[in-house]
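Using the sequences plus the hints, can you model the full thing?
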Amino acid sequence: MKIMKRKLLAVVIANLFAASAAVAAEGDFKLSGSVGFGVRGISESSGDSYKLNEYRDLNNDGVISEIDVKGRGGKYHLDMFGENLGLDDQYIDLKGGQYGVFKYRLYDNKLRHNLTFGALTPYTGVGTNTLRGVLPFPNTNLATFTRFDYGYKREDIGGMFEFSNNSPWYVRADVNEVTNKGLRPFGYAQGSSPGQGGVELPTPVDYKTTNFTLEGGYSSRKGHASVSWMQSKFSEGVSQLNWQNGYFGNGMDVALLPPSNDMTKIAANGVLKQLPMSSTLAARYTYSKVTNSFTVQTAALNGTGGGITTAAATPGTFNGNVKYETLSLSLSSSPTKTLDTRAYFNWNKKDNNSTPIAYAAGVFSGPGTEAQAIVARAADPNNNSYRKSNFGLDLGYRIDKQNKLSGGYDWLETKRDRADYNKSTDQKVYAQLANSALANLDVRFKYQYLQRRSDFQEPFVAPTDVSNGYFLYAVRRYDVASFDQNMVKLILDLNPAPLLDLGFETIYKNNKYKDVILGRTKDDRQEFFVNLSYGDPKAFRVSAFGTLEYVQYDATHRYVGQATCTATVSCDPAAPAVAAAYTWNTKNKDKSYALGVGADWPVLAKLTLKGSYLYSVTEGAVDFTTLAATTAANYPTNIANFDNTTSHVFNLRGVYGLNKQWDLTGGFAYERYRYTDDATTGYRYTDGTTSTSAYLSGAYANPDYTARILYLMAKYKF
Amino acid sequence: MRLYNLFRRIGGIGIAGLIFGLAGLNNVHAAAPAGSPPGPEVCKGCHENQVNSYAASVHGQKGNLKGPANAGECSTCHGNGAAHVQAGGGRGVGGIINPGSKSVPAKDRTATCLACHEDNRTLAFWDSGKHKKNDVSCSNCHSIHGGNILKKTDPSISPYVTTSKQLQYETCASCHKDIISQIRKPSHHPIIEGKLKCSDCHNPHGALSKAMIKSESVNTLCTSCHADKRGPYIHEHPPVEGNCLTCHDVHGSQHNKLLSQKVPNLCQDCHDWTRHPGTPYGAQRGFPPAGNTGRQFVARGCLSCHNQIHGSNASSAGRGQFFTR
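First to last, the protein sequences are chains A and B. Under numbering that gives the first Met the number 0, the first residue of the first sequence is numbered 0, with each subsequent residue one higher. Under numbering that gives the first Met the number 0, the first residue of the second sequence is numbered 0, with each subsequent residue one higher.
Please keep in mind that the hints were generated in silico from the structure rather than gathered at the bench. Note that this is a predicted model, so its numbers are computed, not measured. Keep in mind that the hints are not guaranteed to be accurate.
[Said to hold, decoys possible] Taking lysine-lysine pairs in the DSSO-like style, the calculated list, with each CA pair at most 30 Å apart, reads:
id, chain 1, residue 1, chain 2, residue 2
1, A, K29, A, K716
2, A, K74, B, K164
3, A, K605, A, K511
4, A, K348, B, K129
[As the list claims (entries may be wrong)] Distance windows between CB atoms, simulated:
id, chain 1, residue 1, chain 2, residue 2, range
5, A, I398, B, G44, 39 to 45 Å
6, B, S142, A, G656, 20 to 26 Å
7, A, S42, B, K164, 51 to 57 Å
8, A, Y592, B, Q85, 54 to 60 Å
9, B, N51, A, F344, 44 to 50 Å
10, B, S142, A, F293, 49 to 55 Å
11, A, P497, B, V92, 15 to 21 Å
12, A, L489, B, N69, 46 to 52 Å
13, B, H144, A, Y549, 41 to 47 Å
14, B, F321, A, T563, 14 to 20 Å
15, B, G44, A, G61, 46 to 52 Å
16, B, K164, A, V174, 38 to 44 Å
17, B, K164, A, W346, 54 to 60 Å
Glycine included, every Cβ here is placed at the ideal spot set by N, Cα and C.
Right, here's the structure in full:
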């Protein structure tokens, strides 16, 4: 990887000089641009500054840099941009070519995704694929824990070359490699139930995805045709995490990490333009296959003495093989001057031909009195293959210069291999009116109705049947369940005075799920946006906005506090409530709003000020209702803080043109972020003092920060 | 006779009007008045900034054989400005055309650009796309005479960013306000930080897929970056195989990992069973001093045990089918 990076940098620099030298021979190639260097200082106070640095490398305060070069000539062109050189958010982009003949691009895009700083774990070996506990377990002494950071570095290096030589024929190659390296929090149950504890472990991430695409085609004013072949390989440098399991006698447990895979895709596109009635016929076909292969894991840690259970798998090797095939057709026309139409058809197929694996009953091969039985398990019948057929028609009719009426109908049928719903039919209709009859006011109003009807497959189970199978019958999963959706959207754009723009937008969307006994019953979304902009960008321009969003999810559930239902502790939601079994409902409410104002002000001929202030709030809450006449100790209390955040952000930047060659930029930013959540208040890293202890690492727990950022940059222009 | 002459005059005027009317409707660049088009050096007299930006751009390069510099220069897009110059200038005077003006229908504004760019492979699916259907034209997003190819008229309102690039989302924001409010939420893709662009997932120039995404399906698009979620897995999680958007609000969310609802509530909308899947987790299940800490509620909730939610290859004995390994 390092070698590839050095090679890329060398290629980029060589290209820059070679291109310049080669085209300079032309005589009319001119280079212009700027180079900037500066310093940045950050003062921050935080419990854990990961949120401040989530996608920004502000930890390495010090030198900041930027380079921006443009080359323009009679034949060749060149653009190079680079910033944050040497930092974890470095970006370099070089593109250029010869007009009409070829073009190329080379880039390096680095990203740091910080997840938590200063996490704790009672394990050693952090950063490796073997974690050993600081024994003896249970260990509640935080002083013996290892401190580390969660996060990963992502780098995307790639390039493109396209050759056309002023011909309608072209050939193009794209290649890139994306690497992700670091640590992420993964959680694993120690035993077979939550009461046996769980651990949150620093799991190594070492991913590499290499993509290569070759495309050839023909592109002219009358049509386009192309064929492409893409190969993508994902490989993981760490295939499993070995860790000591305190519940199972400190035996070494194994967690399998995401498997390597290969993907091949062939695509063909075709477009015919300038057909009768100003029509365009477009088509696309794709075929792709994702494969992998590995030996099926059969052993698992079990038994409180740390023994190994084996459950033989048939066959012993898994060959993953999932095929996707799609076909899309679209005919766009303007049969008259005032009418636009588009008819389309889409077909989508997924075939999961992966090896179905059946597991035999487990065999205890070590000491231990683990009570659970490892039962034989047949291969999963839900292989999630599907077939989708979709067609639709969009119409747009211009009534007059100020009014356009649009409408459409869409039909989608999905047939899937899934136990609960094997078929869904979606029908959508919409109508939209765009009006600009009033001077300086544009209005757009849209109404859409979507209906899904799905065929439920689970067998009917009478409420008097006390088997747990009642849950299979009662639960309607919202991702495929039948529902009715209504959506309304209104947009107003007003220009009441010169240089003054006002905007208002509101969206309301409501889903009502049908035939739901248990599960999500409905969800609502309401959004409002207002914005104002005033001024001439050459003189002074100010912009302000406000947003408000409400989202609510309603659901019904059934609590049964024992393993199996009985006549008195019933699965039936309509059964009388008792302390050990009752129906409960939730209203999950999410609210968010933001206010912002920004201004660009050329104060003097040489000085421009840019400033902005942004205030954002998110609030989450859950209201519970239980269908019971009497309260029970385990009845839930409402949640008032569910991912509640408050953020204040202030930015001020000044650019002073010292002279024709030099600009000075100085800036100050203030950020304050606060987070409260009932699920993290009073956070504890350990829970329990027996082998069923759970260990948490502090992931995402404390993102509060206050930061002040000061920076200064000098830029030389040439 | 008088009546005949009258009819003749009316007919002549009518025919002439029809001819000029049709010419005006069918040709963006209306019939050119006499006089050859002035070159940029003439236009520069009043429009110095625009001409300079044109000269610095790809459009202004002589080596670009298909470009305006080898066709009619300014007149390629703006029409023959001879009469405009003769009349002393002015908005619309002398038949001069501003292809970026909102008074020009979107179709005609786009036609100006497509006159040269229609053979561009990136525009192959323009006619099938939503932008064309909603009367969005090239000049809504692109600034032909500005420094940056993308239009941005409003000041930036964002946290401190370590990039000095003009960010693409600020152009899209002028229309897609609902999406922009999502990307500002606490859990978001790094779009406002400048590490990801709208066009990394969407093709604004048209595509056959819904929402003009660049791939043929949502899952194929997501796994082009998140290839670790591709599987294939022995134990699959059906909503994952169906659509990533079942659980994730891809543009932004107030909940971690772009989840549309917070865990455990999101999971419980589909999973109801005896004991912990069907147990309500209220505020009383938080960390002490709350009454009875629920491991399914605190910290990462269900994911503290069921982490392999996108699929698992662990053995059945290791409870791979419950995604705990």
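Taking the earlier hints as the rules, which of them does this structure contradict? 3, 7, 16, 17
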